[in-house]
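Chains X and A supply the protein sequences, listed in that same order. In case it helps, our numbering puts the first sequence at residues 1 to 1138. In case it helps, our numbering puts the second sequence at residues 1 to 421.
Just so you know, not all the hints are guaranteed correct.
Claimed, not checked - Simulated pairs of lysine to any residue, SDA-like, Cα-Cα distance not exceeding 20 Å:
{"no.": "1", "chain 1": "A", "residue 1": "207", "chain 2": "X", "residue 2": "710"}
{"no.": "2", "chain 1": "A", "residue 1": "340", "chain 2": "X", "residue 2": "178"}
{"no.": "3", "chain 1": "X", "residue 1": "605", "chain 2": "X", "residue 2": "589"}
{"no.": "4", "chain 1": "X", "residue 1": "777", "chain 2": "X", "residue 2": "561"}
{"no.": "5", "chain 1": "A", "residue 1": "173", "chain 2": "A", "residue 2": "330"}
{"no.": "6", "chain 1": "A", "residue 1": "207", "chain 2": "X", "residue 2": "589"}
{"no.": "7", "chain 1": "X", "residue 1": "422", "chain 2": "A", "residue 2": "402"}
{"no.": "8", "chain 1": "X", "residue 1": "422", "chain 2": "A", "residue 2": "339"}
{"no.": "9", "chain 1": "A", "residue 1": "207", "chain 2": "X", "residue 2": "618"}
{"no.": "10", "chain 1": "X", "residue 1": "519", "chain 2": "X", "residue 2": "561"}
{"no.": "11", "chain 1": "X", "residue 1": "765", "chain 2": "X", "residue 2": "777"}
{"no.": "12", "chain 1": "A", "residue 1": "207", "chain 2": "X", "residue 2": "561"}
{"no.": "13", "chain 1": "X", "residue 1": "519", "chain 2": "X", "residue 2": "534"}
{"no.": "14", "chain 1": "X", "residue 1": "133", "chain 2": "X", "residue 2": "99"}
{"no.": "15", "chain 1": "A", "residue 1": "194", "chain 2": "X", "residue 2": "618"}
{"no.": "16", "chain 1": "X", "residue 1": "133", "chain 2": "A", "residue 2": "402"}
{"no.": "17", "chain 1": "X", "residue 1": "422", "chain 2": "A", "residue 2": "214"}
{"no.": "18", "chain 1": "X", "residue 1": "571", "chain 2": "X", "residue 2": "561"}
{"no.": "19", "chain 1": "X", "residue 1": "119", "chain 2": "A", "residue 2": "214"}
{"no.": "20", "chain 1": "A", "residue 1": "231", "chain 2": "X", "residue 2": "99"}
Simulated from the structure, these hints should not be mistaken for laboratory data.
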Amino acid sequence: MKRPIALLICLLFMGSATMAQRSNDVRTVSTKIADLLAQLPAVNANQLNSAMEEMAGLKEEGIVELIGMFSPSGTVDNSKLEYAIAGFAGYVSHPERENLRLLAVKAFCSGLSKLKDEKNQAFIITQLELIGKDDAVSCLQGYLTNERLCGYAARSLAGINTRGANEALLAALASANNACKVSIVEALGNTRFSDALPAVTSLVGSDDDNLQKTTLFALASIADPSSRQVLEHAASQAGYTFDDHYAVAAYLLYAQNLLQADKADLAGKVAKNIMKKSKSDDLVHTRTAAMTLLNEINGEKGVEALVKASGDKNPEYRASALKLASAYSSPATTALWLKKLNKSKPEVKTKIVEMLGHSAKQEALPALRDLLKDKDAGVRVAAIDAVGKIGQEQVLDDYLAILKGGDPVEVEAVKNALLIMKGTELTHTLAQSLPQVPSIAQIAIIEVLAARGAQSEFDSVYPLLNSNDTEVRKASFSALQHLSGNEQLSALFGLLENVEQGFVPDVQAAIAYALIDIKEKDGQARLVLDYIDKAPANKKALFYPLLSTIGSQSALEAVSLALRDGNTSAKNAALDALTSWTSVNAIDTLYTVIKNSGNAEQLDKSIKGFVRLVGLSDFPAAQKLLLMKDAMEYAKTAEQKKLILAEVGNNKTFSSLVFAGNYLDDAELQQQAANVVMEIALSDKSYYFGNIVRDLLTKTMSVMKGGDSEYLREAMRKHLAEMPKGEGFVSMFNGKDLTGWKGLVANPIERAKMDAKTLAAAQEKADEQMRKNWVVKDGQIVYVGHGGDNLTTIKQYADIEMLVDWKILYTGTDKGDAGIYLRGTPQVQIWDTSRVSSGAQVGSGGLFNNKVHQSKPLKVADNKLDRWNHFRILMNGDRVTVYLNGELVTDNVPLENYWDRSLPLFAKEQIELQAHGSPVAYRDLYIKEIPRPEPYQLTPQEEKEGYKILFDGTNMNSWTGNTIDYVIEKGEMVIRPKPGTRNGNLYTKEEYGDFVFRFEFKLTEGANNGLGIRAPLTGNAAYEGMELQILDNEADIYKNLEKYQYHGSVYGTIPAKRGYLKPVGEWNYQEVIVNGPKIKVILNGTVILDADITQARQHGTPDGKEHPGLKRDKGHIGFLGHGSVVYFRNIRVKDLDK
Amino acid sequence: MNPKNNRRDFLKKSAVALAAFSIVPRYVLGGPGYLAPSDQLTKAIIGVGGMGRGHIKYEGTRVVAICDVDKNHLKRAEDMIGNGVKTFHDYRELIQLPEVDIVHIATPPHWHGIMSVDAAKAGKDIWCEKPMTHTIGEGKRVKEAVRQYGRIFRLNTWFRFQSNFYGMGTPVKPIKKLVESGLLGWPLTVTVGKHTGFDWKFYWVGKEHLDPMPVPPELDYDRWLGPAQYKPYNPHRVHQTFRGYWDYDGGGLSDMGQHYLDPVQYFLGKDGDSPVSVEIDAPQQHPDAVGTWRKITYTYADGCKIILDGEGTVDNVPYIQGTKGKLYPGFRSDIVDLEKKLTEFPDPEPQVTVFSDAVKSRSTFALNEENGYRSCTLVNMALVALRLGRSLKFDPVKQEFIGDDAANRLIHPPMRAPYII
């Protein structure tokens, strides 16, 4: 499906590359522009670069012409032009393309001056913002006083930010109107252009709020010492609070910029001044900003101030001071903090401790350890946290002491610290202490041991399962699942049977965890099943949940057995196990449960389990869809149905799309269905087209809701607009009656012999028979007759893709047999694989009646009797490909003409659903016709002269050899070699001595093939017969060819004339006349070879090799593949010997 | 100008009570329902379109003011909240309200930087929706302002500390623990895309050609645009579809990028770092309308890579690929008994994950202006590469592109006056 597009892109790309390389390019500028625009938007970097090279080739005048093509906004779509201009700006902005950048700026400026529309002007100006330097200044500055464009121009000049650009901004300031002034002042602020200081300062105090704001900002940015008063005054007017003019912020920014400009003294003065003015609590953020600034000025020297600030009355301010302080970690600063600690109030102390812990200052450890005994609870907790972070396992003893003390808050803090503590000693030390600590600490320790998976400490925790303290017991039980291993299994199994109900899940989880140590799933299952066997009947149920995590076949069998034969509690436990099963082997069993489910809860669980497992499986999409259709049949709640639809959406096939589409009218399901339809349809533009897709998408657009729906609708509109033409898939069955179908009359050959009246009478009889044998029920076509009777389409089909679900209904006998006739010919086989005596064990989907070509499927992919199967059948020419339940079972095999094996397969005929005496059902039939040219016909002249067709586009009946890699596509014969193979030889079935051979061929880049003549079916035809080269001898890779290797040459023997091939991708017409020792090749009307091999027969060949084939007087004609793709069509031959 | 601020007194008191703990224990705050309404933090929401209205009800906070430039949005939110909530058209008035503790920014991304910085300057704590900022430069300014003014900032994505992580089927904590344990080896390659459960939402693209349309009366379009350059109005530019335009956002990459990438940055330990290069494989981008891309690769100085897989052409790709092991969605791994092996290692350090706790205790929130800036830079550096159509080198210390004038101009492009940052 993807191949032709890839090829097209490839060709496009090659096309543009050749264009760029053309040495004497005679195209006009407008042609060049059109060629360039046709390539945009580029699909990848290579194509972008080559397109931009072409754009550079347009030179200044070409680019100016291109800019001149912009239409006034709102009328015509300028997007191609925008791609070109912005793409070029991006391209030339690369640091190594300075020369092209110069060209671009020149051209953009010149183009800009000719544009009239503001939107287009703004677009070009914005591009100059990206690539302009001094060279763009003169063309931009004129726009600074244009009230609609001054903003764009000012920003572009600010982006350029050279002296020239800044001067242009400054020069325009005086004459600009207020709105433009704001833009210009902001730009001057951004560029910090100090020459602008007087002009900007003069604007201070404007009534225009915007101008006042940007003016203050610009002064702050330029940061000249002289601006201090102005800025201070503005801040003070605002009461040092945030205002519309951002006055305080500007004043702070000013100080910041002073600092950057090495004017730390003045910056410090400003910061201190702001600090003084913002003492009140509502200005704490401003005071903080000033403190931050001072801290930047003073660095480590300022820590003392931070120490002081950490005791400030405002907690927010204190917190900020400590955050700033955490950047300094010298012993000297730590000493300062430790000194401060002693004198601080508890809330301050706490924060300092936290900060010290956070910065992991080793030298603080002793002092912080002392604080573990502080009077204040908050300080103690902070100290616990801090000493752990700094000391890690060094402080274990301190922690143990706290645990023994048993204060709940402290124990909690110790636990939290232990959870993140590095090291390997702690678990054992903690476990050892368990008997000595109070309950509350026991719980904390058990939780830590569990979190660390301390399996070796199991024995220390085990006794606490019997603790008198309920909470300790709970903690111990829930820890088991992280502490258990192989050695504990027998103890745990024993425990499971005797433990009180509430702890059962804990013990089960512990066993499941311990079972992991047994590597083999079967071993795990054996062990559990063993215990089930031994357990008394009322205890068996305890073990089933273990089986669901094991998931082995033996476990599944045990659960199935319990479901069938167990007592109620065992049944329930088995069902629970099954619905939470972890491996995909339970899918069938779950389906059985769903089908027979007695109550809503059971159904709900089993459907959810089923959908989950199908999702986990690696079944093909088609198979998963069948299973979801099965589940949907039994689903009751909207939740279940939504789950099913979501899984359908994961399996992107046409059938899934249509299936989900059925639910677009259901209010509860329509959003889910809409998502599925959209995701599938949009996943492949080339495959999802036609009326069905169009209708479903249109409906989806109308029902879709939610935040993203506008984007989604847009994506769908786009998909619809770009959808390939054509009918796509259509339904073959309306679900209600047999419209479009008829009874079967004889076979195609006999039908052709009947006159209209006979045929009509026979048809009437056949239709009557059909109505007895075939019924429509529940949206299915079902065969209810006896003996054989095919249901056939009224329409005749040529090349197709067909989708159909089928099912052999189980009747107690093993007679199940059916099939699908293609082109009125048997058949794609359907049968009951248990019919071993008939060979049915090979599975369905083979071309049963083939004698020469493969008749058996490649693998067995059948579902069980009474379950649905899905065929995807593709037919190209006489080649058939079949996917059964998503598995490839027939791979491009010719279907032989069963009715007369000497004839090729009919080019067009009806499709038939076969019944072979046993009940069979079909549903969901869709077909897509693949357009192909009419079969080739000889000209009357050729007919008269006695030509015979060897390939007319519909079948390969005249051919033998590698019929696998030579395929039929759209009426053409194509060699598609498997990667890495070179032996693609296809021969005529018949032998020819003297003949005229006419055919057409199309080469791909560097392609190599050959026309074998008088060749045997085995051996190297170039030597054992003769090979007339078929070769793209213009390709670079062939530049060192010997002359006798050119296209048309008798390989290694006699050279042909070079230079008469059509370009790659175009059809060539060739005629080969072989008559005794004379060989003539006429290519596209020119004789390129007119040879006599008598000489070579006697005296050897230029390549110095043995060519025994020269002496043969007849043999097969063949195409000799060399690993590359070549197309052939319209092949015919005149046998001169007859 | 401002009356004395009573809320400050409350904050002062509660901050004292809470001062002891960087991780605030529940018992200090009380159990569920402990907070009386008067003790709740107060919040103002800027941008009450779909996103903003979704954020009205949060535990521990009370909405007292809202702002929107679309009268319909404002009215709908006002009706929802009731209780005399104050309504504003200009956010600068809203952030000057003394009774507001937290400003919640739920506008399109091109406003996030300006509003965050302004809120910091006005002394508010900030809750900002993802992506944190629209450009790298704005991110730097937010980071500086929040630090300078001593504010508490939360970026609102949460996977680094909460909830199952999309296709991983697991929270980030065990992944972080795994990475820190060294079991996977080093350096690591993380692939984020379809096969690892992450959907890049490529339908969030713009239209290349929009017909100019009249601005509806309820919308102040000029103020909606704010710092973005003026372009004629079309409904596709605003409200539910703004994500498709470079001026305001950057499609699925911009909107989902920080969601997916922030946790990756966290577990790779790159919260204070940036990549040294960003490589792109994409079709050419339109200068106005955001398009799609195939692959984006970030490389850190130590060899760690993050690959954004746009098309998902490679099947069965591990989420994390290390030198010693691989991790797949659902915490599956080629390391036998991984979960058992992993338990022996210590947990990652805890983080403050309740915003109101962070505000009251003046503690840094788990996802804040520093690490949020870094993860947003991941997104924004790729946007620059996409717009220029080429791969770029980055200096993680200076936090600018290396030797590339045009790319650096896109770090902090000038804003439309009078908007400054």
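Now the hints, each set against the structure:
1. A:207 x X:710: holds (12 Å)
2. A:340 x X:178: violated (70 Å)
3. X:605 x X:589: OK: residue 605 (chain X) and residue 589 (chain X) at ~13 Å, within 20 Å.
4. X:777 x X:561: violated (35 Å)
5. A:173 x A:330: It holds: about 13 Å lies between the C-alpha atoms, which stays within 20 Å.
6. A:207 x X:589: violated (51 Å)
7. X:422 x A:402: violated (39 Å)
8. X:422 x A:339: Holds, at about 18 Å.
9. A:207 x X:618: Roughly 38 Å separates the two Cα atoms, so the pair is violated.
10. X:519 x X:561: The given pair, whose Cα atoms are some 25 Å apart, is violated under the 20 Å limit.
11. X:765 x X:777: violated (23 Å)
12. A:207 x X:561: violated (61 Å)
13. X:519 x X:534: violated (23 Å)
14. X:133 x X:99: Holds - the C-alpha atoms of residue 99 (chain X) and residue 133 (chain X) are around 13 Å apart, at most 20 Å.
15. A:194 x X:618: holds (17 Å)
16. X:133 x A:402: Given that 20 Å is the threshold and the Cα spacing comes to 18 Å, the pair holds.
17. X:422 x A:214: Given that 20 Å is the threshold and the Cα spacing comes to 64 Å, the pair is violated.
18. X:571 x X:561: holds (9 Å)
19. X:119 x A:214: holds (16 Å)
20. A:231 x X:99: violated (32 Å)
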